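Read off the chains here:
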Amino acid sequence: EPEVTQTPSHQVTQMGQEVILRCVPISNHLYFYWYRQILGQKVEFLVSFYNNEISEKSEIFDDQFSVERPDGSNFTLKIRSTKLEDSAMYFCASSEGWQGISEQYFGPGTRLTVT
Amino acid sequence: SQQGEEDPQALSIQEGENATMNCSYKTSINNLQWYRQNSGRGLVHLILIRSNEREKHSGRLRVTLDTSKKSSSLLITASRAADTASYFCATDADYGQNFVFGPGTRLSVLP
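Line by line, the protein sequences give chains S and E.
Remember, this note's numbering sits 54 above the position in the first sequence when you count from 1.
Remember, this note's numbering sits 1 above the position in the second sequence when you count from 1.
The reader is advised that the hints may include incorrect statements.
To be verified - DSBU-like cross-link-like pairs, simulated, lysine-lysine; straight-line CA separation at most 35 angstroms:
{"no.": "1", "chain 1": "E", "residue 1": "K57", "chain 2": "S", "residue 2": "K111"}
{"no.": "2", "chain 1": "E", "residue 1": "K71", "chain 2": "S", "residue 2": "K96"}
{"no.": "3", "chain 1": "S", "residue 1": "K132", "chain 2": "E", "residue 2": "K27"}
Unchecked claim - Partial selection, computed: residues in chain S whose CB lies under 10 angstroms from chain E:
{"no.": "4", "residue": "M143"}
{"no.": "5", "residue": "W152"}
{"no.": "6", "residue": "I155"}
As the list claims (entries may be wrong) - Simulated DEER-style distance windows between Cβ atoms:
{"no.": "7", "chain 1": "E", "residue 1": "R42", "chain 2": "S", "residue 2": "L138", "range": "20 to 30 angstroms"}
{"no.": "8", "chain 1": "E", "residue 1": "K70", "chain 2": "S", "residue 2": "T67", "range": "43 to 53 angstroms"}
{"no.": "9", "chain 1": "E", "residue 1": "G60", "chain 2": "S", "residue 2": "Q71", "range": "37 to 47 angstroms"}
{"no.": "10", "chain 1": "E", "residue 1": "G60", "chain 2": "S", "residue 2": "Q65", "range": "27 to 37 angstroms"}
{"no.": "11", "chain 1": "S", "residue 1": "T67", "chain 2": "E", "residue 2": "G17", "range": "40 to 50 angstroms"}
{"no.": "12", "chain 1": "E", "residue 1": "E18", "chain 2": "S", "residue 2": "Q68", "range": "40 to 50 angstroms"}
{"no.": "13", "chain 1": "E", "residue 1": "T21", "chain 2": "S", "residue 2": "D125", "range": "37 to 47 angstroms"}
{"no.": "14", "chain 1": "S", "residue 1": "E122", "chain 2": "E", "residue 2": "H46", "range": "22 to 32 angstroms"}
Calculated from the structure, these hints are not laboratory results.
Quantities reported herein were computed from a predicted structural model and do not represent experimental measurements.
We put the beta carbon where it would ideally sit given N, CA and C, even for glycine.
Let's have the full structure, built from the sequences with the hints guiding it.
Below, the structure written as C-alpha cells:
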C-alpha cells in the first residue's frame, strides 16, 4: 500500500540553524500539507500546497517557514532560523483531491529537537 | 474556542468492551475524519465521513455524524489491547482548506 514517507525521523539542531524536513507524498496525490505537534499537544495545521503554490497557511507559518516541491516527488519544509519553540513532531500529509472530499494520509513524522 | 473537541479526554476500559469517543465542532464542514495515533508515532487514518452521511462502518469501527448537533462519535467494538492509542477527529472547515484537529481522546484498553 502506498504511504507517505518522511526523512529524517529525528533531527537535532541548534537554535538559529536552518533545517529542511523532507517528505515524499503518495505518488498520485495532488495536495500536500505540513502539520506540527508539540509534545503532549494537538496536531496543528501549518500549510497546504497545491499546483506548486501555497493554498493556505496558518498563523504559525510565518516568514521563517517555507515549502517547496523541488522535483516531482519531494515536498520540503524549511525553517530558516530555528527557535527552541520549534521543537515538535512535524507531519507531512497528502491527499488525492481537495481535503473537502479526500482522506489525508500522514507520514510517520520527523521529530525536531532544537537545543 | 476550538473547531474540533473530543470527549472524554481519557478513557480506560477492559479488553472486549466497547469504547465510544465523541467529537464536537463549531462550523459547517464538508467532512470529518478520525485518526489514531500510537504514542510518539504518526497518524493513521481511520474513517472519513462526509457531511451528507450519517453513519459509516469499517471493521470494528462505527462512526456517526450529526450535523444538526455538530457532533460525531467513534465506536470501537470488542476492543483489544492494541487499540490503545490517542484518537483524534479532524474537520475541514467549509470555508477553506484549513484542517483542524481536536485535542484527542487517550484510550487505554486493559488486558
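Okay, the hints, checked on the actual structure:
1. Under the criterion of a C-alpha separation no larger than 35 angstroms, the hint pairing K57(E) with K111(S) is consistent with the structure, at around 31 angstroms.
2. Restraint check for K71(E) and K96(S): satisfied, since their Cα atoms lie roughly 20 angstroms apart, inside the 35 angstroms limit.
3. Restraint check for K132(S) and K27(E): satisfied, since their Cα atoms lie roughly 32 angstroms apart, inside the 35 angstroms limit.
4. Contact between M143(S) and chain E, as hinted, is supported at the beta carbon level, the nearest pair being about 8 angstroms apart and thus within 10 angstroms.
5. Nearest Cβ of chain E to the Cβ of W152(S): about 7 angstroms, under the 10 angstroms cut. The hint holds.
6. Interface restraint check for I155(S): the shortest CB-CB distance to chain E comes to about 7 angstroms, inside 10 angstroms, so the restraint holds.
7. About 24 angstroms separates the C-beta atoms of R42(E) and L138(S), a value consistent with the hinted range of 20 to 30 angstroms.
8. For the pair K70(E) and T67(S), the beta carbons lie near 45 angstroms from each other, so the given range of 43 to 53 angstroms is met.
9. Checked against the hint of 37 to 47 angstroms, the pair G60(E) and Q71(S) passes, with Cβ atoms roughly 45 angstroms apart.
10. At roughly 35 angstroms, the beta carbons of G60(E) and Q65(S) sit within the given window of 27 to 37 angstroms.
11. Distance hint check for T67(S) and G17(E): the Cβ-Cβ separation is about 46 angstroms, which falls inside the suggested range of 40 to 50 angstroms.
12. Between E18(E) and Q68(S), the C-beta spacing of about 48 angstroms keeps the proposed range 40 to 50 angstroms intact.
13. Hint check: T21(E) to D125(S), Cβ distance near 45 angstroms, so the stated range 37 to 47 angstroms holds.
14. A C-beta distance of roughly 25 angstroms is found between E122(S) and H46(E), which places it inside the suggested range of 22 to 32 angstroms.
The structure fails none of the hints (numbered hints given earlier).
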